[in-house]
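Novice: First to last, the protein sequences are chains A and B. Last residue of the first sequence? That's 649 in this note's numbering, and every number before it is there in order. Last residue of the second sequence? That's 336 in this note's numbering, and every number before it is there in order.
No lab work stands behind these hints, which were simulated from the structure alone. All values reported here derive from a predicted model rather than from experimental measurement. Keep in mind that the hints are not guaranteed to be accurate.
Said to hold, decoys possible - In silico EDC-like pairs for lysine to aspartate or glutamate, Cα to Cα no more than 20 Å straight-line: (1) K147/A - E173/A; (2) K222/A - E178/B; (3) K227/A - E331/B.
Stated by the list, open to error - Computed footprint of chain A on chain B; a stretch qualifies when at least three of its residues, placed anywhere within it, have a C-beta under 8 Å from a C-beta of chain A: (4) 65-77; (5) 83-92; (6) 103-113; (7) 238-251; (8) 311-322.
As the list claims (entries may be wrong) - Have a look at the derived ranges for each label pair, beta carbon to beta carbon: (9) P147/B - R526/A: 41 to 51 Å; (10) E522/A - Q132/B: 30 to 40 Å; (11) L501/A - D153/B: 25 to 35 Å.
Glycine residues also receive a C-beta, built at the ideal position from the N, C-alpha and C atoms.
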Amino acid sequence: MQAKLTKIRNIYLTLRCKIINLKSIKGQMTPNHTDDAALGVQELENVVVRFSGDSGDGMQLAGNIFTNVSASVGNQVSTFPDYPAEIRAPQGSLSGVSGFQVSIGRNVFTPGDCCDVLVAMNPAALKRNAGFLKRNGIVIFDVDSCKEADLKKAEFKTLDPIAELGINAQVLEVPVTSMTKAALEGSGLDQKSVLKCRNIFALGLICWLFDRPLEGALTMLKAKFGKKPAIFEANSKVLTAGFDYGHNIHASVSTYRIQSNPAMPGIYTDINGNTATAWGLIMASERSGRPLFLGSYPITPATDILHELAKRKDLGVKAVQMEDEIAGICSAIGASFAGSLAVTSTSGPGLALKGEALGLAVMAELPLVVIDVQRGGPSTGLPTKTEQTDLMQALYGRNGECPLAVVAPTSPTDCFDMAFEACRIALEHMTPVILLSDAFIGNGSSAWRVPQANEYPEIHPPLLPANKANGSWKPYERQENLVRYWAIPGTEGATHRLGGLEKDCTTSAISTHPGNHEQMVELRRRKIANIALDIPSQRVHFDDDHTADTLLLGWGGTYGHLRTAAAELNAHGRKIAFTQLRYISPLPANMGEILAQYKKVIVAELNTGMLADYLQMHFPAAEIHRINKVQGQPFLVSELIEKIENILN
Amino acid sequence: MNPQYTPADFKSDQSVRWCAGCGDHAVLNCLHKAMAALGVPPHMTAVISGIGCSSRLPYYCNTYGFHTIHGRAAAIASGFKIANPQMTVWQISGDGDGLAIGGNHFIHALRRNIDINILLLNNEIYGLTKGQYSPTSPRGFVSKSSPYGTTEDPFIPAELAFGARATFFARSIDVELETTRACMISAARHKGAAVTEILQNCVIFNNGIHNPVAEKTVRASRTITLRQGEKMLFGPNLEFGLVRDGFQLKAVTIGHDGYTLDDVLVHDAHTASDILHRQLALMDGSDLPLALGVIRDVESPVYNEALQAQIEEVRAKKGFSSLRDVILAGETWTVG
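With the rest of the complex left out, here is chain B (with noise of 0.2 Å):
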């Protein structure tokens, strides 16, 4: 912790209209901590949001903030870290916002590997225009837009994530606040693009959609937290564990069936290869935990170092000062 920083520092004067028990109230109260933990002062930090609920919480922090338009965040916060890298950017996107209108932005921000965190709210839904179906949505999910229930397979934010070549991919929940907090730390520490997302709840037109996961009474035994350097240990007593079966990972207790604790993976989300992670992400809470914590953090350039790098190594080497240096560099001829 850096004693400089209250979470208070960040609260802006607003008040915050979101809905009574809305997930993002838990989510904004983290960012204000895991910001003031981080130490890097308001006015270093910038906020940079699309459309949608979540999309109002620029506004909620005292910090540089800009509200934008649909799906454009990851394409907006782009340009502003290229052009001021010594800020630290978070954008917020819910699901709508960042991977239907805005999905083009989304892989590319990831592939380019801008230094920017992102955290993604997803609650399956548009609450914002009152209920329609979204692209992270189950096939067949009942809502306003798909009164029969939807035709389509949706999107598994990891997956495409990992398929964008996402350097840095953690998982939480919105009632799981000191994961969500240690999550939106380590992302920030990350040097490039950082994908969080947060299950978040929509209190009014998705209630309780994480709930086969989130659920208090089902949550140790249906998710797994999972830490650098530990073995991936699950349930309400830590009694059970992850093995690898063949290509497959598997569920295990530990002292049944021959399993002991020494079978146990061991979380390592800094190896360079990312078929674990993948393999990891994708379990969905039901033959295997929901993976929460940071499930993948490895080092790989970041496009605004490389940029600044290669124009600091082009001026070097040509040493021009002025347009006036480039242009008489080239074809001229002289008159008087």
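The following block holds chain A by itself, in its conformation from the complex (with noise of 0.2 Å):
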């Protein structure tokens, strides 16, 4: 037992070295250091800590109990839940294991690369994570399921998984399921329900470790199991003593604080990006008046929207789930054309399969948000793991010359904004908007400050005048920006009739003439090129002074790991300029003037280089490099670095 203690309190003393202590003052800008110095504290900024287990083991729940209670505690968070495809893949096996990584401190703009401590509920996931822990880090091991057979389903060679896996780290063996079997005898629950509590032992364990009050964990897991109070009961007990047994075995060590960047006043949420779609579409009806419908179908890792919108019929929001993919845009392009702001959405699989209907909401101008989560193709592919790559499909994706508009979120909270973004342009433009997010951020969750709704501008879509309401109104007659009226069905002397064949410009009737047909090409290109006028000029970050020769270029959803890299790097002296589109059709209408200021543009994106492509055929000029990454995975930073290095060399 001594010795067990003395390995605890090492691993605690390294845990302070690793962790910031900061006084929890509010709005206070600076830490206090003072008592850092005294207790020999070394500065990092934040923490990530690692859950893994079977995918039946609640990792997902856990972890997310833990970001929310530090997220609540002023922690910056973010999150990367990383699971299998499969949802009860065989107990034990390489194929199931579940993780659910996040980070939490202050400048936190990913979840990490590496962790500082892993909970590895089975051998199974210490060998699929032990690749994720960081030197010295830290391993909170389940020893209770390391018997023989267990190692077997692992793939183990040997009894000592943590030397075969040559573990340099400081491990912490937990007998995580006899101390749950203990905390829960008499409890009258059967030997199932005990061990489905395991996860929340390790909780508690991990909510000891950083000082978390359990308070707030008790308050997620009332909201989680408040229907059934026998098992509500079961965890909270569970939840104790995971926390107790850390306090037991090591009673006298001081606790600590991580905080984060003083936050703006306001109430605040954490919220995953798949959520903040939802939200942002909800409030974009709010601010348009006009009524939300989504029509979608079920495809990882796109549900969780449909999952939110169907809530939110406590807000008169109309989620449909219909028959296929096809269905789910074709309904929505039904409900846009009744009037209502409408979506659909989807990931890539599903995107292929709405091609045809999108390029007659592109024909008919109608407004429409298609909502692509993108994930690692093609084909099936890696349902649950995050790609970039279906940039070309958005772009070009369809038959004949089929512009439309395609932005890309590129964060958790970002998706609420860029999602509010993809409706006004739907809206104002009368054109299908795609939405690019990714697995990535979709899952992903980050601190986000609940907005009030005047933050958010007016959506005024181009009804049509009740003075054109006269019988003799053209549907594609255009406003001085290119725009078609919108006539609601249901308006006096506004009947009109859509449809996929191409009509005269001018009598709206159905027209074969090719010099027609080359007219409304181009009055459809140059319908979305206007948009460039109505979104944001492109920002660069890092090279306020304009000395830098090199841009970091990426979009979408890599935004954290890009800037955290271009930040590191020129904390390190090395001078990089950083920038990160959101808008990719069109382009920023500054973009041609930022890429002239550089020598080198790198662009780095998770596919083969779509991005780099399109940026080259549209700028010539630019001397583009590559960083691409296909692997289902986020980058590292430690990767980009190394690669812009190599670059930069």
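Grab the two chains, each in its own frame, and use the hints to assemble them into the complex.
Specialist: Quick look at the structure:
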């Protein structure tokens, strides 16, 4: 026992060196270093914890609760759920390992490359995740699930998994399973229900390690299991048991706090990208006065948007689960024709199925938002993993000359803003807009300040003015910005016919006239190009003095990693500018001007170079270098820095 | 008849471009008349179609109209009706559009019982692509894409509709103007998805395909027009009737073999059980007459109404008035 205590003390001391120790003072810009100095604490900005276990072990739940508890005490948080496509792969097998990584602290833009603390509920989880552990990190390992059979299932050859994996870390072997059972002795729960609480024991232990009061976790467990009092009771007992276990084995160790940058005052919540997307759509509905309609079909990793909007019947949202992807977009097109803010949500394979209908929306010039939460492809590909490989499909994946707007959110919270923007552009420019989210930001979460509605602009779709509803109005009549009017069915004097056949640009009747077709193609192209005048200019970071030679450029969900890499390079004297695109079609009006300022442009993206090709096509003079990764995983900051340095040299 | 509107109020200024002699002309005229009879204003009416000859129909109606893409009319009409339930929605599809490429949307629109009126114009051929067999062409049918005859069985639209739990099914023939118009009016008055199959002649690629039942000299004896609450009689002089014969239906001559008028079945489209409706709908004009008119018309919860009711119920219960209310009711913390 003495040896164990010493071991734990070592672990603790190490952790203390790793975690920023700040006073919890609201609004104070700089931390109070006095105590830190007295304790010999070295400042690091954040700590990364990774929970891993069987996909049925509840790692996502444990991780989510720890994230929320951390965010609610003021930490910035960024999460990365890494789960398999199989719902319940064979227990203890390598293919069934589910992980949840969270970074907490300050200046948190990513969930972190590697973790400081790894929780492994079984040998398979240990094997799969050991590679994510920082040198001298801490492993919390359930020794009870380390029997010969367990090791065999995880394909270990020896009985010492730590040595076999060559883990150079401090290992805290905790009898999670037997402690959980002990805590629930006499509870009357069956064995299976008892074992389901193991994750919460681990959560309790982590809460103790990071001095998180249990109240927050209990509130969240109550929300989750409130309707099953026995299960809630068991989980709260086990949570406390985990916390006490940590406390009892080393009661004398002081506790510490991790805190984030002081945030803007307001009410905050923890939000993942998919929920943020759903809420951004609702905000756009509130600001435009158009009722929100979602036509969708379940598909990983986009389904949570459907789930959230289905709940929002309490705000009048009509979320309809249709019979297939095509019906999802087609019902939305019908709803758009009928006067709604219409949306369909999907992932890459679904976008492929929606292609023809998207063309109809382009041709009929109806507002429509298509959300693609990108995943690994082609075909079924890697359903639960992240990629940016749908860019070309979004830009060009339709028959005919078929331009539309494409935007991409940069983080879980930016999903709210860009979903709103997608709606604004769709409604005010009468066009389909594709929102390219991805599995990483869709499932990842951050703390988010709840906005007031008036922080977002009113949206004014070009509804047909009453004086034009006189029976002679033509549907393809355009305003100055080339946008046609939207006559809502039910309006007297505005009956009209739309369709996928080419129309005469003046009479709006069916036309096969060669010159007319070319003119309409050009009008549709210019209508989209005009959107560039209605979006913000692109901003460049880390180069206010215009001295950088090289620009690091990305788009969408890689923002956190790219920004962190650029910040670290600049902090180490390697001057580099950084910009992240959120508007891809059309590009911001100052895009060419920005690219012309830099000798080298490094385009980093999670595909084989789609944005790089697109930019090179539009700006042939730019010297574009590429950093690409197609592994179904986000970038690591470390690998970005290494590759950028190679290019810089 | 509602005196407020005439068929002309529903005609658009576009010239109709179907082939001379095409059955679609008659269907369009019947629809204009039915719309006028229903009295729903043109601006409260929408006509939505897919792709095919018959799918050009929306251009010829002075209503809101949408000529969409192949097979998807039912899905688009569904979204339209859910979003804007005050509108009366007509969906125009052919046998290829509605039952082949659009088969999935067709059955699901019926299953959901969305309040749309589907006109299924069945000519057993792909006309717009110039003569390929369709999912309603009979086995062995010779066409450009089946030069040696098809080796597959067709759908019987009624059977498919009943399988998808249709709450309304009616049938007419393009040349049966009065029946067509009456079916359309009944379909529009029905709450829920209504299928009206119209046997329609393609004068160019499948001329005369419905002649065995549609031809003037045989029509009276090979078809029966069903009317709610009336005896199932047919024949040039209504001398034949339908009676039950064990588990089957049987056509008899009144006054022969001991059958009297009292033995003849009375039509009831509103009965919940669909067993007799199915038997009637599957009569094909050979041994038993092809059934025309409203075969089934029953009440069942309507999707768009149930959705609206659920929204109102949930809204009343939760009492949220904005997104912010919803978020603040969840897990939050305050900074500042």
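Novice: So which of the earlier hints does this model not fit?
Specialist: Result: hints 2, 7 break, sorted rising.
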